[in-house]
Amino acid sequence: MSDTGEHPRQSFISRYIFSRDHKVIGTQFLYSTLIWFLVGGGLAIALRIQLAWPWSDMPYFGNELFATEGGQITPEFYNMLFTMHASVMIFFVIIPILAGAFGNLLIPLMIGADDMAFPTLNMLSYWVMWPAFICLGLSFGTPTFGATFGWTANPPMTEGPALTFWLLALIFVGIGSMMGSVNYLTTIIQMRAPGMTMFRLPMTIWGMFVTAILQAFALPVLTAALCMQLADNCWGTGFFRPESATSTGGGEPLMWQHLFWFYSHPAVYIMILPAMGMVSDIISCFARKPLFGYKPMIYSISGIAGLGFIVWGHHMFVSGMNPMLGTTFALSTILIALPSAVKVFNWIGTLWRGNIRLTTPMLFAISFVSMFIIGGLSGIPIASPLIDIPLHDTYFIVAHIHYVLFAGTVMAVFAGIYYWYPKLFGRMMNETLGKLHFLFTFVFLNGTFFLMHVLGWMGVPRRYASFQALKQQIEEGNQQLELTASDGVSKIFVMAKDYEAIMWINEFITICAVGMGIVQVFFVLNFFGSLFFGKKAGRNPWEANTLEWTTPSPPGHGNFDFQPIVSRGPYEYSHPDTEKDFVMQTDPPLDESGQVADNDSGEAADV
Amino acid sequence: MQPVNRGLSPWKLAEAGWDGKRSKNREISGKLKSENMKILKTAIVLSGLLLMIGCAEPARFQLNVVAHREAEQDQPFARQKVEDVANVLTALFGTPDDPAFPNAKSLHWYLEYDEEYSVDLETLVRFENLQRAAGPVGTDEKGRSRGLYREHCAHCHGVTGGGAGPTAASLSPYPRDFRNGVFKFKSTTGKSRPSDEDLMRILNEGVHGTAMPSFKVAISESEKRALVDYIKYLSIRGEVELALWDFTANLDKEERLPLVFAKGYEQLNDDQKDEILGWFESDGVRIESIFKSWIKAHKKPLIKKPTSPPARFAADHADHYQMVDRGRELFHGKKLGACTQCHGDTGYGDGELGNFDIWNKWAKGKTAEKVAAYTSQGVLPPRNIRPRNFRNGVFRGGRSPTQLFYRIKNGIQGSEMPGAATLTDEEVWCLVAYVRSIKTESITGGQQSKPVINKPIH
Amino acid sequence: MNRFWSILFFLVPILGVGVCLMSAFGIYPFEETWLPVDISESGKDIDRAFVVVMWIIGVVFVGTGYFLAMALWKDSYSAGKKAQYSHGNTRLEIAWSVIPGFVLIGIFVYQSIYWEQQKISRPMVQQVDGSEGLQEPLVRVVAHKFGWQFWYAGMDGKVGTFDDFMIENELFLPMDESIVLQLESIDVLHSFYLRNLRIKQDLVPGKRQFAWFRIQSEKVKPNQVYDILCAELCGWGHSRMNGRLYPVTREAFDLFLLEKHREQNSFGLPVENEGGNTGDGEAE
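So the sequences go chain by chain: A, B and C. Sequential numbering of the first sequence, starting at 1448, is according to our numbering. Sequential numbering of the second sequence, starting at 85, is according to our numbering. Sequential numbering of the third sequence, starting at 14, is according to our numbering.
Keep in mind that the hints are not guaranteed to be accurate.
[As the list claims (entries may be wrong)] No more than 30 angstroms apart at the CA atoms, straight line, and that leaves these computed lysine-lysine pairs for DSS-like:
{"#": "1", "chain 1": "B", "residue 1": "K268", "chain 2": "B", "residue 2": "K384"}
{"#": "2", "chain 1": "A", "residue 1": "K2027", "chain 2": "C", "residue 2": "K95"}
{"#": "3", "chain 1": "B", "residue 1": "K389", "chain 2": "C", "residue 2": "K273"}
{"#": "4", "chain 1": "B", "residue 1": "K418", "chain 2": "B", "residue 2": "K308"}
{"#": "5", "chain 1": "A", "residue 1": "K1742", "chain 2": "C", "residue 2": "K232"}
{"#": "6", "chain 1": "C", "residue 1": "K234", "chain 2": "B", "residue 2": "K308"}
{"#": "7", "chain 1": "B", "residue 1": "K308", "chain 2": "B", "residue 2": "K523"}
{"#": "8", "chain 1": "C", "residue 1": "K57", "chain 2": "B", "residue 2": "K268"}
{"#": "9", "chain 1": "B", "residue 1": "K376", "chain 2": "B", "residue 2": "K388"}
{"#": "10", "chain 1": "C", "residue 1": "K57", "chain 2": "A", "residue 2": "K1918"}
{"#": "11", "chain 1": "B", "residue 1": "K523", "chain 2": "C", "residue 2": "K220"}
{"#": "12", "chain 1": "A", "residue 1": "K1742", "chain 2": "C", "residue 2": "K220"}
{"#": "13", "chain 1": "B", "residue 1": "K380", "chain 2": "B", "residue 2": "K275"}
{"#": "14", "chain 1": "A", "residue 1": "K1918", "chain 2": "C", "residue 2": "K232"}
{"#": "15", "chain 1": "C", "residue 1": "K95", "chain 2": "A", "residue 2": "K1982"}
{"#": "16", "chain 1": "B", "residue 1": "K380", "chain 2": "A", "residue 2": "K1918"}
{"#": "17", "chain 1": "A", "residue 1": "K1882", "chain 2": "C", "residue 2": "K87"}
{"#": "18", "chain 1": "B", "residue 1": "K448", "chain 2": "B", "residue 2": "K268"}
{"#": "19", "chain 1": "C", "residue 1": "K87", "chain 2": "A", "residue 2": "K1918"}
{"#": "20", "chain 1": "A", "residue 1": "K1742", "chain 2": "C", "residue 2": "K94"}
{"#": "21", "chain 1": "B", "residue 1": "K523", "chain 2": "C", "residue 2": "K171"}
{"#": "22", "chain 1": "A", "residue 1": "K1882", "chain 2": "C", "residue 2": "K95"}
{"#": "23", "chain 1": "C", "residue 1": "K273", "chain 2": "A", "residue 2": "K1918"}
{"#": "24", "chain 1": "B", "residue 1": "K384", "chain 2": "C", "residue 2": "K234"}
{"#": "25", "chain 1": "B", "residue 1": "K523", "chain 2": "C", "residue 2": "K273"}
{"#": "26", "chain 1": "A", "residue 1": "K1983", "chain 2": "C", "residue 2": "K95"}
{"#": "27", "chain 1": "A", "residue 1": "K1882", "chain 2": "C", "residue 2": "K273"}
{"#": "28", "chain 1": "C", "residue 1": "K87", "chain 2": "A", "residue 2": "K2027"}
{"#": "29", "chain 1": "B", "residue 1": "K308", "chain 2": "C", "residue 2": "K273"}
{"#": "30", "chain 1": "A", "residue 1": "K1983", "chain 2": "C", "residue 2": "K273"}
Since the hints were derived computationally from the structure, they do not count as laboratory data. In this text, all values refer to a predicted model and were calculated from it rather than measured experimentally.
Let's have the full structure, built from the sequences with the hints guiding it.
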């Protein structure tokens, strides 16, 4: 790090551990989340193995924990696997890597500020993640080896010490996110460089901004609900528990679902909007073309955020909620497809007639668009409550969420890492390894998740440890099986071929999932190898426009070695009046020809 | 035993040289599919193996900690002696992956060898059933499910059948420990073993109010038969283990268990045979009786069929309340030694709560430290017995009148519920009628005779 | 190399739609992977809606995929070339907001009709006094960990009364008539899922739900049984919570009710004959 000398030298601890520098905090978030990403991925592979080869000896988990059972895991352990996979991936990977890592790294750099508005709060927002990490880590030590109730934690089946730890972890994550979002909002509103109007902000910042608003308004609801369930679990209150053998009751299980999804649906947008912003920037940069429809893009993310607050009921179409409400939520849900579609069309419009450089980050960004199309489109059938009846809680949902969150957000995260890595560490990542990583991840991820749609419309329920419920009918080989039903009439089970299909699809998916896990080695090698052997990056290796590329790589304390003054929007690529195909935001206005490249209006020439 | 395909896990297949044999179903229509995926599979999964290192150990039977420690009585056995018990059990019953069942020949050192007995032993636990239920989950060469016990039962009952599987601790009540041959919900009288039909009935109906589900439609008839045989196998194995611990406790300090089972009777010379026979003479009866009593329950279970209930037993009969009233008298009366003592005056099951059933009896009178010494070895923490609460209308052994008749007439073996041998069948039917009506009875003194019709049941 | 990536991205919609079509038409290796056999009357509405929506999104899928791949194909990087300088096109923006908007609203309106039939309007029947009333449930389904109790009406013909009898995990239903089920749970959330009837309804403890449908006998193969699954995580036995549905004729159903009533409520054993009042069908 090139110290600008304005600050006295700091000790190691205050510089790298309890640092208030947004870049250090962002990097801390990045490393923490990447480690949790490995944990979550390991859990996913374990559960995939159980699904493809049910009750076989499970590598590592089975042999360590269930040695006397012959290495075979229990159904409860399987529940733990998918619960913890989801909890880790959502709360410890995707939300913190977008808001925590990229938000911290990019917001001050891209708006031209020297740091966050509240550096200490920023530091706290990272360190409050640690109690969460510890709580979730402790929950692995409970008798069930972790939470086993699904990441939606629907009462009244939730109970036990694992629930306490899980709730505490989420509460801490919520506190951290809350601190972060307050900080981001203040920073973006207050600390923009001179000339950086709101409509000159890059889409990344818009994504972060809207996300911060969502977090600030939706999180308190979740935190309250979590505290209520904590009270239910620890002190026997009955907010969400109806009268039963173990509870005096009086509570309402559906209330939890409403409160939970009131946050957790916006959370889906929290998990995708910053990714959309990053992808917009990357696509515009490598297409060497201004972003198509900058303002419609902003309106559509705002629209997504606004509508995002009133669609939570679509998770509950068959939950026992009044079906009339289902109709209402169906309308808002189906409308939210509109801004998403507008975004996709705009990305394609940006690529159209561009001058596309297919670097690794660009490939990941384009794959985000390509995959988001699937994730978005598969949302339309399940947005309709009628079609949701057979598809709800089947593998169709699993496919949908993974196309949005894995094939979408995680691919965007990879794009972001490849794109901003030179800025963070001063070196370029290896392109060959990067492209190999992209190619195999892309192929395997489609192999993993696409066929889940097929399982979904076959009606295979999710969260099943094995499909023996569907297997019965093909027992005893291909022969029809005579079985006496309780009325004394002999019933014949006709062989159901779909069980066979379920099994081979599951095997195929698992093989692809294992493959996808393995090829991440390319990424790990590339990430750590490039730290030492990567080509040195200059200030602006990608020839991009936005402010962060005017700083040294990596930026020193205080970020900018000059006061950036912004004179245009972020997407002035291939301006007809300039020699180069990019004009940085800080470049002085093009005075000599009398033309000021001002794109505030957002609408210009034809296509 | 020829496990063609011990579970479907590819690392095991890969170890075995990838024989590529799938289930029959898949071989027919999915042959090409498997072929196509084989290359992919081996390449990726084998390279995945490199990342996920872990050596699979076969499942193994655990020794009965409670029986072991009870037999020790504070004087720990030498390790040799403990190993002897384990060796004898392995010699007789094999391992979870490779089970064995003694035949008449291997037991004839203290029984007069006879043809019938040999046949009985073979039919008591059929070997093909044993094979089908044991071992890791997978399919055999005919495409039938194998490893049924571990697929359906072991999570709760444990591989050993000790009722302490990985899920057991969180369940209430605990899963049944098969190892002392005591089963609660059976039709046979007294201490006799349950009949095959009794075990089958539990598999079919489940045990209401507990975590034991109904397997009626989940698995096929032949699979259930296999599981019944396997449960008998585990139970017999457990009882033999108890007997062996008793032997061990009675031995002198230097003396060891004669390893006849392990060595094989034929290889012993006559002197040794005499010695062993002499040794077993005092105590040996017990092992013989284990097999004999199971054979008896299998061949001709001792069931005292109830006489038919009177017509007014039907709930919609006009005089039904008379039976209920009579039942109430009996329930509260002195003749039975007071049902209310455990089940409470109002039938809430809130009477005597400090008792233990025989699976938890070891904890009786033990200090907390001593109990902790047991539980630290994997024994589930002891729980007091809960007398049935009649107010929620859930009867574990089934709510059908016949089953309730057996519960009252025969008692519930293993629990503190005694059999009502002194009652006539008519009186038992009255009690059945009363017990079934308690949940609709007013709590304040049981004045209401007629059950409330049309009231929702919960 | 650019061409390679372009083809790779175009393969996504091609293969994606290909898999859907192969699944729909049962082409190798996707035999038997389309929607489960439908035996209900209203299932075809859901299936049709699903297919319609799949066609719409399939067209959009291929269309967007085509333009994405074409952009990569023709506009790949060459030194000296300059990209078009454009910030957007308002008319295009309006077009691609309004047209999908109409399509989406169309889907919403189209599906709402059937949603109403499926979940909102419980069937009405003529009551004794001649007025229209909600149809009473035929069977009471009580979910528990981990199984289904099916409570059938006793001789009084009503479920939820004292003389109901229960069968675990086996549901017998008459064909060709409107059936209402009353769904309850006694412990945690469950979901009553009949794949072949396109029925799914979560069961919330402390609440009563209803499901209604009509089994069409011409769609039912003789002696075929169907799965009853749980579709809401309820604990370690979630995947084991399976029952079977036996569609039977009305006559067989009545006989079955009588048999079961004899067996379970007139108590399994031969009853001494005493005036013949032993549950032989004299309903009160």
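Quick rundown of the hints versus the structure:
{"no.": "1", "hint": "B:K268 - B:K384", "in the structure": "holds (19 angstroms)"}
{"no.": "2", "hint": "A:K2027 - C:K95", "in the structure": "holds (9 angstroms)"}
{"no.": "3", "hint": "B:K389 - C:K273", "in the structure": "holds (21 angstroms)"}
{"no.": "4", "hint": "B:K418 - B:K308", "in the structure": "violated (43 angstroms)"}
{"no.": "5", "hint": "A:K1742 - C:K232", "in the structure": "violated (54 angstroms)"}
{"no.": "6", "hint": "C:K234 - B:K308", "in the structure": "holds (27 angstroms)"}
{"no.": "7", "hint": "B:K308 - B:K523", "in the structure": "violated (34 angstroms)"}
{"no.": "8", "hint": "C:K57 - B:K268", "in the structure": "violated (49 angstroms)"}
{"no.": "9", "hint": "B:K376 - B:K388", "in the structure": "holds (20 angstroms)"}
{"no.": "10", "hint": "C:K57 - A:K1918", "in the structure": "holds (25 angstroms)"}
{"no.": "11", "hint": "B:K523 - C:K220", "in the structure": "holds (22 angstroms)"}
{"no.": "12", "hint": "A:K1742 - C:K220", "in the structure": "violated (48 angstroms)"}
{"no.": "13", "hint": "B:K380 - B:K275", "in the structure": "holds (12 angstroms)"}
{"no.": "14", "hint": "A:K1918 - C:K232", "in the structure": "holds (22 angstroms)"}
{"no.": "15", "hint": "C:K95 - A:K1982", "in the structure": "holds (27 angstroms)"}
{"no.": "16", "hint": "B:K380 - A:K1918", "in the structure": "violated (36 angstroms)"}
{"no.": "17", "hint": "A:K1882 - C:K87", "in the structure": "holds (21 angstroms)"}
{"no.": "18", "hint": "B:K448 - B:K268", "in the structure": "holds (20 angstroms)"}
{"no.": "19", "hint": "C:K87 - A:K1918", "in the structure": "violated (50 angstroms)"}
{"no.": "20", "hint": "A:K1742 - C:K94", "in the structure": "holds (27 angstroms)"}
{"no.": "21", "hint": "B:K523 - C:K171", "in the structure": "holds (20 angstroms)"}
{"no.": "22", "hint": "A:K1882 - C:K95", "in the structure": "holds (25 angstroms)"}
{"no.": "23", "hint": "C:K273 - A:K1918", "in the structure": "holds (28 angstroms)"}
{"no.": "24", "hint": "B:K384 - C:K234", "in the structure": "violated (42 angstroms)"}
{"no.": "25", "hint": "B:K523 - C:K273", "in the structure": "holds (22 angstroms)"}
{"no.": "26", "hint": "A:K1983 - C:K95", "in the structure": "holds (27 angstroms)"}
{"no.": "27", "hint": "A:K1882 - C:K273", "in the structure": "violated (68 angstroms)"}
{"no.": "28", "hint": "C:K87 - A:K2027", "in the structure": "holds (22 angstroms)"}
{"no.": "29", "hint": "B:K308 - C:K273", "in the structure": "holds (23 angstroms)"}
{"no.": "30", "hint": "A:K1983 - C:K273", "in the structure": "violated (82 angstroms)"}
Hints 4, 5, 7, 8, 12, 16, 19, 24, 27, 30 from the list above are not met by this structure, while the remaining hints are.
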